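Novice: Below, each chain spelled out in residue letters.
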Amino acid sequence: EPEVTQTPSHQVTQMGQEVILRCVPISNHLYFYWYRQILGQKVEFLVSFYNNEISEKSEIFDDQFSVERPDGSNFTLKIRSTKLEDSAMYFCASLSVGGRAEGYTFGSGTRLTVV
Amino acid sequence: GDSVTQMEGPVTLSEEAFLTINCTYTATGYPSLFWYVQYPGEGLQLLLKATKADDKGSNKGFEATYRKETTSFHLEKGSVQVSDSAVYFCALLSIIQGAQKLVFGQGTRLTINP
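If you read the sequences in order, they're chains A and B. Each residue of the first sequence is one higher than the last, beginning at 1 in the numbering used here. Each residue of the second sequence is one higher than the last, beginning at 116 in the numbering used here.
If you're looking for bench data, these hints aren't it; they were derived computationally from the structure. Note that the structure is predicted; figures quoted are calculated from it, not measured. Mixed in with the good hints there might be a few duds.
To be verified - As a list, the in silico SDA-like pairs of lysine to any residue whose alpha-carbon atoms are at most 25 Å apart:
no., chain 1, residue 1, chain 2, residue 2
1, A, Lys42, B, Tyr145
2, A, Lys42, B, Leu134
3, A, Lys42, B, Glu191
4, B, Lys167, A, Tyr31
5, A, Lys42, B, Pro155
6, A, Lys57, B, Gln160
7, A, Lys78, B, Leu134
8, A, Lys42, B, Ile210
9, A, Lys57, B, Leu161
10, A, Lys57, B, Gly158
11, A, Lys42, B, Gln215
I would like the entire structure built from these sequences, with the hints used as guidance.
Specialist: Encoded structure:
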């Protein structure tokens, strides 16, 4: 069964450093997403990406965040200057065209710890 | 905007007990509804889904019925096992002006004791 692959599984970084979280979505999917889950809290939408541009972003997704699909395969989330409150599990997901009934496929997540 | 409200947790049950986790939603139209499960240390996995009113999603002994009249999608299982211990998330697929996203409830942590 096709999978969404996320790397690394766990990253520890110092406050103020830049981090890049990587995702390889399912190859024939066209919608891509990042969500995050602060420990013990709800899963929150960050951003959606379609046709090489952001289609929607939440209030959380401020100027410190950016997304890119540099090579038609990887889908990355960059946090420019990490803060302690960025510590969370970050999930990538992809959705096929006409995927209204299919749901999403999620990666297993990257646990980001900012110290 | 679209939202999902789940039963507050945590929920602790004994093995073989009956499980209900309530979920209600607010949305424009009739969104597809989902239950996702997160086992300890793992990511989100789709447990079941329903795409229209009166549809029943089922998987691994879990069931949920899409009730339009009560805007609910309660998760049930007749006899839980220790291996069902996980966090369960109710979600809907929100489509606004062509942009799609999943909107999650707050999650319900379920612990099953032997």
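Novice: Are Lys42/A and Gln215/B close enough, with their CA atoms no more than 25 Å apart?
Specialist: Roughly 19 Å separates the two Cα atoms, so the pair holds.
Novice: Given the hint that Lys57/A pairs with Leu161/B, does the C-alpha gap stay at or below 25 Å?
Specialist: Answer holds: Lys57/A to Leu161/B is near 23 Å, not above 25 Å.
Novice: Hint check: Lys42/A vs Ile210/B, CA-CA at most 25 Å. Holds or violated?
Specialist: With Cα atoms ~20 Å apart, Lys42/A and Ile210/B stay inside 25 Å; holds.
Novice: Quick one, are Lys167/B and Tyr31/A close enough, alpha carbons at most 25 Å?
Specialist: 22 Å, holds
Novice: CA of Lys42/A to CA of Tyr145/B, is that 25 Å or under?
Specialist: 23 Å, holds
Novice: Is Lys57/A close enough to Gly158/B, meaning Cα to Cα at most 25 Å?
Specialist: 22 Å, holds
Novice: Are the Cα positions of Lys78/A and Leu134/B separated by 25 Å at most?
Specialist: 40 Å, violated
Novice: Does Pro155/B sit within 25 Å of Lys42/A, going by the straight-line distance between their CA atoms?
Specialist: 15 Å, holds
Novice: Is the hinted pair Lys57/A and Gln160/B satisfied, with a Cα-Cα distance of at most 25 Å?
Specialist: Within the cut-off at roughly 23 Å; holds.
Novice: Given the hinted pair Lys42/A and Glu191/B, is their alpha-carbon gap at most 25 Å?
Specialist: OK: Lys42/A and Glu191/B at ~21 Å, within 25 Å.
Novice: Lys42/A and Leu134/B: Cα distance at most 25 Å?
Specialist: 21 Å, holds
Hint 7 from the earlier list is the only one contradicted by this structure; the remaining hints agree with it.
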